[in-house]
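Chains P and W are the protein sequences, given in the same order. According to my numbering, the first sequence is numbered sequentially starting from 4. According to my numbering, the second sequence is numbered sequentially starting from 97.
If you are wondering where the hints come from, they were derived from the structure by calculation, not from laboratory data. Honestly, I wouldn't trust all of these hints.
Capping the alpha-carbon separation at 30 Å, the derived lysine-lysine pairs in DSSO-like fashion look like this [to be verified]: (1) K73(P) <-> K100(W); (2) K79(P) <-> K336(W); (3) K72(P) <-> K336(W); (4) K5(P) <-> K79(P); (5) K31(P) <-> K17(P); (6) K18(P) <-> K33(P); (7) K5(P) <-> K438(W); (8) K163(W) <-> K285(W); (9) K61(P) <-> K438(W); (10) K18(P) <-> K336(W); (11) K80(P) <-> K336(W); (12) K17(P) <-> K100(W); (13) K25(P) <-> K332(W); (14) K73(P) <-> K336(W); (15) K332(W) <-> K17(P); (16) K18(P) <-> K61(P); (17) K18(P) <-> K5(P); (18) K73(P) <-> K329(W); (19) K285(W) <-> K336(W); (20) K79(P) <-> K18(P); (21) K163(W) <-> K79(P); (22) K329(W) <-> K163(W); (23) K72(P) <-> K18(P); (24) K163(W) <-> K61(P); (25) K332(W) <-> K73(P); (26) K163(W) <-> K18(P); (27) K240(W) <-> K142(W); (28) K80(P) <-> K17(P); (29) K17(P) <-> K336(W); (30) K27(P) <-> K100(W); (31) K336(W) <-> K163(W); (32) K27(P) <-> K336(W); (33) K438(W) <-> K176(W).
Quick look at which bits of chain W chain P covers, simulated, 3 or more residues with Cβ under 8 Å [claimed, not checked]: (34) 340 to 353; (35) 435 to 441.
Built from N, CA and C at the ideal position, the CB exists for glycine as well.
This is what each chain is made of:
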Amino acid sequence: MKIKIIGSGCPTCKKLHQMVVKLKEEGKIKADIEYSTDINELIELGAMGSPALVIDGKLISVGMPENEKKLLEIIKKCE
Amino acid sequence: MERKDWNMLFWIVLVFGILYFVPSQTEWFRTSVLSAFDLLHDYARKHVLTCLVPALFIAGAVSVFVKKEAVLKYLGHKSKKIVSYSIASVSGAILAVCSCTILPLFAGIRKRGAGLGPAITFLFSGPAINIAAIFLTASVLGFKIGLARTIASIPLSIIIGLTMAFIFREKAEQGGLVVQENKETKLSKEVLFIFFSLMLAILVINGLQISQLLKYFLMFSFAIAVVLLVIFKFHKESAKEWLHETWNFSENILPLLFIGVFIAGFLMPLIPQNLIEKLVGKNNLLGNLIASIFGALMYFSTLTEIPILQALIAKGMASGPALALLLSGPSLSLPSMLVIRKVLGTKKTAVYVLIVIIYSTIAGLIFGLL
Numbered sequence: 004m005k006i007k008i009i010g011s012g013c014p015t016c017k018k019l020h021q022m023v024v025k026l027k028e029e030g031k032i033k034a035d036i037e038y039s040t041d042i043n044e045l046i047e048l049g050a051m052g053s054p055a056l057v058i059d060g061k062l063i064s065v066g067m068p069e070n071e072k073k074l075l076e077i078i079k080k081c082e
Numbered sequence: 097m098e099r100k101d102w103n104m105l106f107w108i109v110l111v112f113g114i115l116y117f118v119p120s121q122t123e124w125f126r127t128s129v130l131s132a133f134d135l136l137h138d139y140a141r142k143h144v145l146t147c148l149v150p151a152l153f154i155a156g157a158v159s160v161f162v163k164k165e166a167v168l169k170y171l172g173h174k175s176k177k178i179v180s181y182s183i184a185s186v187s188g189a190i191l192a193v194c195s196c197t198i199l200p201l202f203a204g205i206r207k208r209g210a211g212l213g214p215a216i217t218f219l220f221s222g223p224a225i226n227i228a229a230i231f232l233t234a235s236v237l238g239f240k241i242g243l244a245r246t247i248a249s250i251p252l253s254i255i256i257g258l259t260m261a262f263i264f265r266e267k268a269e270q271g272g273l274v275v276q277e278n279k280e281t282k283l284s285k286e287v288l289f290i291f292f293s294l295m296l297a298i299l300v301i302n303g304l305q306i307s308q309l310l311k312y313f314l315m316f317s318f319a320i321a322v323v324l325l326v327i328f329k330f331h332k333e334s335a336k337e338w339l340h341e342t343w344n345f346s347e348n349i350l351p352l353l354f355i356g357v358f359i360a361g362f363l364m365p366l367i368p369q370n371l372i373e374k375l376v377g378k379n380n381l382l383g384n385l386i387a388s389i390f391g392a393l394m395y396f397s398t399l400t401e402i403p404i405l406q407a408l409i410a411k412g413m414a415s416g417p418a419l420a421l422l423l424s425g426p427s428l429s430l431p432s433m434l435v436i437r438k439v440l441g442t443k444k445t446a447v448y449v450l451i452v453i454i455y456s457t458i459a460g461l462i463f464g465l466l
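Construct the entire structure; sequences and hints are all you get.
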């Protein structure tokens, strides 16, 4: 699957990106990870906040998940 | 060597270089470092526990417990102009506690919501009227300018939005908006009301002119009351989320703020008093214009406009230009102009910047006359 993190370049957005990368490195998920700071993409999706988590082209969540476990849960649900 | 190691080496060499060349024996450097620590000490003593910490907890609570959907409803494409402008002008306090949300919200309101005008109103007032900014301004720079900043931001943001909407006519598309989800909090309205009132009371008491002992006693008791309320009335989940959000803000804001305080303190002895007095020492057109242009170009990380301004006021800046800087500063900077340009295009961005500078100058002039 394809995971895309779109942010406005804020610290939280970078953190989410790092969290997803870490999950991949630990082998917990298999995915292509992309990080974008293009605000126009956010608007296309209708996201009113950042970071936006997009999986296979679908907007899954806006904002930071509480912790890694939650994030993993969210991603696993989409597999 | 891995990339991480190279990074480390780079930092070590950089720090070494600085230490090697630092003019630590010179008089001016010693004075500046001392002044930097003086200012840090001052913040640690006077503003951190009594103002910043409560404000951060409130910011965390706002982002967990206030339903953003309810506010955004009024910024949708169906709502009346009067409603959307007035809501946009104050919603920064609720919606935009973090810079992460300001631009996406702005772009969203413009394209799929109430349109360009209200979106600009929100973009301008958002960074200026968050709770932490209001109370820290009042705590550091004085009650009068803190109040002026809050009161001026609201009508100014509406006028700026209206002007932009008047110059550029845009049609908003229809479509849904996805907000950061708030979980059902399951807390009764009464509990939340008491919770927010208690925390706001702490900040308000800090601003009162009463005896130090009474002040600390009251603030401490209210803080205990908040803790008790959370322990006995909150669900564990909500309490955890609240702390988590508060931590998020603290982590993002505090380090940069203290770097800002240090820099402001360091620069304070170096800023030539004559120059400041000549440029912005009087409340005239030129002084206000210079202050608002400086504010519009300069980048301030959240809240750091306050220590910088403190240094400038200490060097003779008048109150009118100070307000002009406070108005144009947080909402605009060179980096933010570049980002706004990506969304709005060059022409609209240029007009927006110009309008902000002009109106901030006027607001400063009026405040200086009061």
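Status of the hints after comparison with the structure:
Distance check on the hinted pair: K73(P) and K100(W) sit about 28 Å apart at the alpha-carbon level, within 30 Å; holds. For the hint linking K79(P) to K336(W), the alpha-carbon distance of about 24 Å falls within 30 Å, and the restraint holds. The straight-line distance between the Cα atoms of K72(P) and K336(W) is roughly 15 Å, inside the 30 Å bound, and the hint therefore holds. In summary, the hint linking K5(P) to K79(P) is supported, as the alpha carbons are separated by about 12 Å, within the 30 Å threshold.
With a CA separation close to 20 Å, the supplied pair K31(P) and K17(P) stays within the 30 Å bound. With a C-alpha separation of about 19 Å, the suggested pairing of K18(P) with K33(P) holds against the 30 Å cut-off. Among the hinted pairs, K5(P) with K438(W) is consistent with the structure: their alpha-carbon atoms are about 26 Å apart, no more than 30 Å. With a C-alpha separation of about 12 Å, the suggested pairing of K163(W) with K285(W) holds against the 30 Å cut-off.
Pair hint K61(P) plus K438(W) holds up; C-alpha atoms about 23 Å apart against a cutoff of 30 Å. For the proposed pair K18(P) and K336(W), the alpha carbon gap of about 20 Å is at most 30 Å, so the pair holds. With a CA separation close to 24 Å, the supplied pair K80(P) and K336(W) stays within the 30 Å bound. For a cut-off of 30 Å, the pair hint linking K17(P) to K100(W) stands: about 17 Å separates their Cα positions.
Pair hint K25(P) plus K332(W) holds up; C-alpha atoms about 28 Å apart against a cutoff of 30 Å. With a CA separation close to 14 Å, the supplied pair K73(P) and K336(W) stays within the 30 Å bound. Of the supplied pair hints, the one linking K332(W) and K17(P) holds, its CA atoms being roughly 28 Å apart against a limit of 30 Å. Restraint check: the Cα-Cα separation between K18(P) and K61(P) comes to about 21 Å, which is no more than 30 Å; the hinted pair holds.
Proposed proximity of K18(P) and K5(P) is supported: the alpha carbons are some 18 Å apart, at most 30 Å. For the hint pairing K73(P) with K329(W), the CA-to-CA distance comes to about 25 Å; that is within 30 Å, so the pair holds. Under the criterion of a C-alpha separation no larger than 30 Å, the hint pairing K285(W) with K336(W) is consistent with the structure, at around 19 Å. With a C-alpha separation of about 19 Å, the suggested pair K79(P) and K18(P) falls inside the 30 Å cut-off, and the hint holds.
Our distance criterion of 30 Å between C-alpha atoms is met by K163(W) and K79(P), whose separation comes to about 28 Å. Taken as a hint, the K329(W) and K163(W) pair is honoured in the structure, with Cα atoms around 20 Å apart against an allowance of 30 Å. For the hint pairing K72(P) with K18(P), the CA-to-CA distance comes to about 15 Å; that is within 30 Å, so the pair holds. Only pairs whose Cα atoms come within 30 Å are accepted, and K163(W) paired with K61(P) is accepted, the gap being roughly 24 Å.
The straight-line distance between the Cα atoms of K332(W) and K73(P) is roughly 17 Å, inside the 30 Å bound, and the hint therefore holds. In summary, the hint linking K163(W) to K18(P) is supported, as the alpha carbons are separated by about 24 Å, within the 30 Å threshold. Proximity of K240(W) to K142(W) is assessed by CA-CA distance (about 18 Å); at most 30 Å being required, the pair is judged to hold. In summary, the hint linking K80(P) to K17(P) is supported, as the alpha carbons are separated by about 23 Å, within the 30 Å threshold.
A hinted pair counts as satisfied when its Cα atoms are at most 30 Å apart, and K17(P) with K336(W) qualifies at roughly 23 Å. A threshold of 30 Å between alpha carbons decides the hint, and for K27(P) with K100(W) the separation of about 19 Å falls inside it, so the pair holds. At roughly 18 Å between alpha-carbon atoms, K336(W) and K163(W) fall within 30 Å of each other, so this suggested pair holds. Between K27(P) and K336(W) the alpha-carbon distance is near 27 Å, which keeps this suggested pair within the 30 Å criterion.
Using a Cα cut-off of 30 Å, the hinted pair K438(W) and K176(W) holds, with the two alpha carbons roughly 28 Å apart. Closer than 8 Å: that is the beta-carbon criterion, and the region 340 to 353 of chain W has 4 residues meeting it against chain P, so the requirement of 3 holds. Only when three residues or more bring their CB closer than 8 Å to a CB of chain P does the claim for the region 435 to 441 of chain W stand; here the count is 3, and the claim holds.
Violation of the numbered hints given earlier is absent; every hint is satisfied by the structure.
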